[in-house]
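Novice: Sequence:
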Amino acid sequence: MGGMAFEPPQTEGEPMHRTRYRATTTSGVFALLLLAFAGPGQAQVPVAEYAERRAALAQEIGDGIVLGMGSAAPPFDYLLFFQNSPFRYLTGLTEPDGALVLIVEGGRVTAETLFVNRRDPAVETWEGYRVGVEGVEGAHGLPGRAADELEHVVDSLLSGRPRVLHVVGPYAPDAEILNDVTQRVEAVRAGNRDVPVENANDVVAGLRAVKSDAELDLLRRSTAITVQAHREALGAVAPARNEFEVQALIEYTFRRYGAERSAFASIVGSGPNSTVLHYNANDRFMEDGDVVVMDIGASYEGYAADITRTLPVNGRFSDAQRDIYQLVRDAQSAAEEVAGPGVSRDLLSQAATRVLAEGLARLGLIEGPAATFDGPDGNPLPQLLLYYMHGLGHGTGLDVHDPWPSVLEPGVVFTIEPGVYVRANLFSEVVPDTPANRRMQEAVAEVFERYVNIGVRIEDDYIVTADGLQRISPAPREIEEIEAAMAEDWTHPEARNQEWVEWYRGMR
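Numbering that gives the first Met the number 0 puts the first residue of the sequence shown at 0, with every later residue one more than the last.
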């Protein structure tokens, strides 16, 4: 995919935690920094690295045939095509209908072939140019064959030989409705039903957990673009504007700086929508006194960022909003402080959870750090779960939720994203009606009304280094930073020229 090429932001300044943590900052305006990175080329994973990945897979598998299946072309015209991540990880091919065949013997690749659609000028007139069989070697460093020859080749490799077929790609033969990859795999092995089939995606996931230097560069780029989108959004959030206006500016910024697409459905949720974890309708008019949660991420050359910020719609946090925001920020900081190589990710979660439980008890939203309520099955559950019900973070990479190890090590990229969500229907519809729960509701009722409809999530992206942790998502996140940034003049020449303003006013 096309796009601007730029070097990742350099880190500078004092670390927050001298032995573990250092924040990435940039000098000058971040937009100017991005523009300065413009150049004729683009970052990419080298062809040799794809060969190394396939060699590592072969070493893990030992012996057999690896069948990597790319995603099929969309069934209807004009739908966007996205390659599945395991196949893209091994080949770099972003065209539909591709397949990879490896012969693995003694832990080594002894033969490999990439199957692609043939060149067809008539089809390419409508769908775009294909690499074609002739271009595979130069583009991907593999011998090429036509996709319509795959079934014959696999059949000949499996016939009469005691081999295992190791499948890579979204293969789900037990699903009620078979997806496109599974259907193609079943068609390919139709004549060899006695051949054992192993799902090799877990093996590939293990390889993906630690990122190479090239991958880290691409993740820094996707993160930099997402940071810029957050900065642009600071100037768009205001009372009487709609969530979709902010979403449009965010996604415009993604494409403007060379991202392929959004890595996931953008979340722009204000007021009561801020308390819905995966809200993405993005069609409410923001009101004075709301907060708005913006959970967004660009995908650059396939690599996903994931950054969340929570803003006061009117530019100033109320006292109640400050209470919740600072609590969430303190929980994130607690996880940052313990993170580093050799640290269990459970330890990060425990550090953040402790801060949230103590903070919610201090505010009066729960009866105590260890207080419980009657769950749906009658068993006691922590009251903390009423306001914080998701995990602390996840790996990022080719998928926004990418594989990551249980113990952090250098090269792992992940997020830390604590949150607190005070939902209006918590006691009327969510919490079971029991005597103990009614007593709890009575104890927190007055405080609950103070914080109702406030949802706060703060999420950053991090790289584990040999000596600690690097935050690579320097969008404003402290209360004072956010308020100061929202008070600035963020005039955007492409989006806020006078003609646009007059049209916009006429639409209201």
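Please keep in mind that the hints were generated in silico from the structure rather than gathered at the bench.
Accuracy of the hints is not assured; some may be wrong.
Stated by the list, open to error - Distance windows between CB atoms, simulated:
hint, residue 1, residue 2, range
1, Gly-341, Leu-380, 27 to 35 angstroms
2, Glu-480, Ala-247, 22 to 30 angstroms
3, Asp-287, His-400, 18 to 26 angstroms
4, Ser-211, Gln-349, 25 to 33 angstroms
5, Pro-120, Val-46, 24 to 32 angstroms
6, Ala-247, Gln-43, 40 to 48 angstroms
7, Glu-197, Asp-466, 35 to 43 angstroms
8, Arg-438, Arg-361, 31 to 39 angstroms
9, Leu-384, Glu-126, 27 to 35 angstroms
10, Gln-440, Val-275, 15 to 23 angstroms
11, Val-429, Glu-197, 23 to 31 angstroms
12, Gly-341, Gly-159, 24 to 32 angstroms
13, Ala-264, Asp-376, 26 to 34 angstroms
14, Gly-106, Val-275, 47 to 55 angstroms
Quick reminder that beta carbons are idealized off the backbone N, C-alpha and C, glycines included.
Novice: Each of the hints needs a verdict: does it hold here or not?
Specialist: Each hint, compared with the structure:
With their beta carbons about 32 angstroms apart, Gly-341 and Leu-380 fall inside the hinted range of 27 to 35 angstroms. Hint check: Glu-480 to Ala-247, Cβ distance near 24 angstroms, so the stated range 22 to 30 angstroms holds. Taking the beta carbon of each, Asp-287 and His-400 are about 35 angstroms apart, not inside 18 to 26 angstroms as hinted. Distance hint for Ser-211 and Gln-349: a CB-CB separation of about 30 angstroms, consistent with the stated range 25 to 33 angstroms.
Pro-120 and Val-46 have their C-beta atoms about 26 angstroms apart, which keeps the hinted 24 to 32 angstroms range intact. Between Ala-247 and Gln-43, the C-beta spacing of about 29 angstroms breaks the proposed range 40 to 48 angstroms. The supplied range of 35 to 43 angstroms is met by Glu-197 and Asp-466, whose beta-carbon atoms lie about 39 angstroms from each other. Between Arg-438 and Arg-361 the C-beta distance comes to about 20 angstroms, which lies outside the given range of 31 to 39 angstroms.
Distance hint for Leu-384 and Glu-126: a CB-CB separation of about 49 angstroms, inconsistent with the stated range 27 to 35 angstroms. A C-beta distance of roughly 21 angstroms is found between Gln-440 and Val-275, which places it inside the suggested range of 15 to 23 angstroms. The given range of 23 to 31 angstroms is broken by Val-429 and Glu-197, whose C-beta atoms sit roughly 42 angstroms from each other. Range check, Gly-341 to Gly-159: about 49 angstroms between beta-carbon atoms, so the 24 to 32 angstroms window is missed.
Checked against the hint of 26 to 34 angstroms, the C-beta distance between Ala-264 and Asp-376 comes to roughly 32 angstroms, which is consistent with it. The hinted range of 47 to 55 angstroms is satisfied by Gly-106 and Val-275, whose Cβ atoms lie roughly 48 angstroms apart.
Violated hints, in rising order: 3, 6, 8, 9, 11, 12; the structure is consistent with all others.
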